[in-house]
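Colleague: So you can see what is in the structure, the chains are spelled out below.
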Amino acid sequence: MIWVNQVVQGILLGGYYALLATGLSLLFGVMRIINLAHGDLAVVGLFLLWWLHDQGLSVPAALAVMLPAMALAGILLQRVLLERSLRSGVLVPLLTTFGLAIVMQNLLFEKFGADIRSVDIGTFAYNGWKITDEIYVGHLPVVTFCVAVVLLGALQLFLSRAPIGRSMRATAQDPDTAELVGVNARAVYLVAAAIAVATAGLAGAFLGMRTTFDAYVGPTQLIYAFEAVVIGGLGSLWGTLFGGIVIGVAQTVGAQIKPQYSILAGHLVFLAVLGWRLVNGAIAARGGFRAALGLET
Amino acid sequence: MLRVEQLDAHHGLLHAVRRVSLEVADGETLALVGANGAGKTTLLRTIAGGHRASQGRILFDGVDVSSLPAHRRVRLGITLVPEGRRLFPEMTVEENLLVAGRGNGEWNLGRVYDTFPMLRPLRKKRAATLSGGEQQATAIARALMTNPRLLLIDEASLGLAPIAVERVYESLEAVVGGGTTVVLVEQDLGRALAVSSRVACMLEGRIVLEGAAAEITREQVVEAYFGLKRRNGKAVQQ
Numbered sequence: 002m003i004w005v006n007q008v009v010q011g012i013l014l015g016g017y018y019a020l021l022a023t024g025l026s027l028l029f030g031v032m033r034i035i036n037l038a039h040g041d042l043a044v045v046g047l048f049l050l051w052w053l054h055d056q057g058l059s060v061p062a063a064l065a066v067m068l069p070a071m072a073l074a075g076i077l078l079q080r081v082l083l084e085r086s087l088r089s090g091v092l093v094p095l096l097t098t099f100g101l102a103i104v105m106q107n108l109l110f111e112k113f114g115a116d117i118r119s120v121d122i123g124t125f126a127y128n129g130w131k132i133t134d135e136i137y138v139g140h141l142p143v144v145t146f147c148v149a150v151v152l153l154g155a156l157q158l159f160l161s162r163a164p165i166g167r168s169m170r171a172t173a174q175d176p177d178t179a180e181l182v183g184v185n186a187r188a189v190y191l192v193a194a195a196i197a198v199a200t201a202g203l204a205g206a207f208l209g210m211r212t213t214f215d216a217y218v219g220p221t222q223l224i225y226a227f228e229a230v231v232i233g234g235l236g237s238l239w240g241t242l243f244g245g246i247v248i249g250v251a252q253t254v255g256a257q258i259k260p261q262y263s264i265l266a267g268h269l270v271f272l273a274v275l276g277w278r279l280v281n282g283a284i285a286a287r288g289g290f291r292a293a294l295g296l297e298t
Numbered sequence: 011m012l013r014v015e016q017l018d019a020h021h022g023l024l025h026a027v028r029r030v031s032l033e034v035a036d037g038e039t040l041a042l043v044g045a046n047g048a049g050k051t052t053l054l055r056t057i058a059g060g061h062r063a064s065q066g067r068i069l070f071d072g073v074d075v076s077s078l079p080a081h082r083r084v085r086l087g088i089t090l091v092p093e094g095r096r097l098f099p100e101m102t103v104e105e106n107l108l109v110a111g112r113g114n115g116e117w118n119l120g121r122v123y124d125t126f127p128m129l130r131p132l133r134k135k136r137a138a139t140l141s142g143g144e145q146q147a148t149a150i151a152r153a154l155m156t157n158p159r160l161l162l163i164d165e166a167s168l169g170l171a172p173i174a175v176e177r178v179y180e181s182l183e184a185v186v187g188g189g190t191t192v193v194l195v196e197q198d199l200g201r202a203l204a205v206s207s208r209v210a211c212m213l214e215g216r217i218v219l220e221g222a223a224a225e226i227t228r229e230q231v232v233e234a235y236f237g238l239k240r241r242n243g244k245a246v247q248q
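Chains A and B, in that order, give the protein sequences. The first sequence begins at 2 in my numbering and counts up by one. The second sequence begins at 11 in my numbering and counts up by one.
Hints are computed from structural coordinates only; laboratory data are not their basis. Honestly, I wouldn't trust all of these hints.
Covered stretches of chain B, as calculated for chain A (at least 3 residues, CB under 8 Å) [to be verified]:
no., stretch
1, 55 to 63
2, 80 to 93
3, 146 to 158
Since this is a predicted model, take the numbers as computed values, not measurements. Every residue gets a Cβ at the ideal spot worked out from N, C-alpha and C, and that includes glycine.
Whole structure, please, built from the sequences with the hints as guidance.
Modeller: Encoded structure:
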């Protein structure tokens with residue numbers, strides 16, 4: 002039963018990773034940008050939430066202020082940095098966002114110092130429901146998972162039903178043709194960046210509720226998000242949830258084997274999936290499995 | 011409606027469109043013909059805003075649209091059906107149409123399906139799975155959903171089976187009959203002349219022949235097409 006419990010905990014943890022990966026997946030899906038500052042943007046949102054809470058706002062009120070602020074930051078980021086970087090090719094945004102990540106980390110360190118913090122949500126952080134004698138689920142992980150599922154579902158609905166969502170999908174597939182049928186690709190990119198950065202901020206908020214943080218936790222979060230996106234398939238929203246769950250379950254099951262294996266197990270599963278994809282790609286490029294083994298002439 | 015003045019366009023070092031001047035009147039159908047590489051596609055893309063003009067002006071209803079991005083030109087009423095259809099492959103036929111839908115004109119889903127009946131049963135199919143003819147019909151229907159006043163069609167019949175060409179042209183004639191102004195790039199001279207009121211022939215980036223479709227003979231178009239001129243009653247290379 003202990004293993005079942007670990008899998009359940011892993012699935013719930015996967016919700017957090019999916020939430021973290023949503024913006025990364027969306028930005029890649031629409032603009033083909035791998036945003037290396039994604040984890041640090043989550044941390045910026047988290048620090049903003051923490052600061053607002055510290056000023057006396059309740060956590061929901063602080064969230065209500067932080068999320069629009071992060072969406073605005075996304076628009077600024079797109080206008081000032083990403084739009085210009087994209088004009089210079091696909092590698093430049095990688096370098097730009099890498100540089101931005103370093104700048105944000107050091108600005109946060111300058112402003113808030115090296116203290117370890119967390120967002121105080123009282124007993125909500127550790128209370129839970131008892132399912133069986135050996136399975137408990139925490140309120141916070143369940144809420145995080147539900148928020149992830151609702152967010153991904155809402156985004157999926159938005160992309161398939163809303164006119165701007167359809168424009169986003171069209172722009173992701175062929176930006177030049179989208180322009181030729183009346184889609185303002187620039188505006189679409191702004192909306193995508195706003196949503197991506199706001200969801201990063203939301204993920205940051207849950208990070209601050211579930212654990213401690215400082216100015217330098219962004220890159221680690223980026224790695225988890227990146228792994229979830231790659232496992233789930235680049236640009237696929239439900240795939241992101243699947244990828245998050247795979248990482249989450251690998252970590253909790255790894256921790257059950259030996260506590261030190263937790264993070265390692267997640268990375269190993271990611272490497273295994275990546276390796277499998279590479280091998281599959283190589284086999285497909287050689288005309289299939291039989292041809293690759295020289296069984297066909 | 012459309013006035014192109016001394017337009018130049020380049021592809022890198024290639025001077026694809028050279029000092030082209032052109033006028034298209036309201037309700038007219040202009041066939042733009044010419045050999046491969048004559049500059050027809052570049053001219054159409056430049057008018058639609060998909061390619062930057064290096065010089066010259068494009069006036070639409072007297073307004074200079076040369077510096078406007080493509081989506082702003084679509085709002086004014088200029089829409090291109092690009093060469094190769096360029097549908098959004100992962101989206102369904104209906105989604106392809108809805109992306110372009112402006113919702114404030116006479117073309118809507120119902121009218122488009124009435125004009126292109128073959129699309130109605132395909133509306134939930136992904137564009138990538140359509141045949142060439144179905145894709146072309148979807149591409150023209152998608153352009154109509156923008157409620158264009160000037161429709162630019164690049165190679166409507168390219169790569170299609172004869173039966174598919176028939177069906178696409180039947181629908182196209184309905185569009186032309188409805189009063190939409192059309193500039194049509196077409197390799198099939200017979201078809202181009204049949205549906206058009208005027209013809210312009212391009213050669214090496216220039217318009218070398220222009221006139222009413224009823225007045226220009228097929229021979230004149232062929233000579234202009236291949237850059238031939240008459241000497242002692244015989245066509246010879248210029």
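Colleague: For every hint, state whether the structure bears it out.
Modeller: For each hint, the structure was consulted:
1. A count of 3 residues in the stretch 55 to 63 of chain B with a Cβ less than 8 Å from any Cβ of chain A is obtained; the coverage claim is therefore met, three being the minimum.
2. Three residues within the 8 Å Cβ limit are the bar, and the stretch 80 to 93 of chain B against chain A gives 7, so the coverage statement holds.
3. Only residues whose C-beta sits within less than 8 Å of a C-beta in chain A count toward coverage, and the stretch 146 to 158 of chain B has 4 of them, enough to reach three; the restraint holds.
This entry satisfies every hint, going by the numbered hints stated previously.
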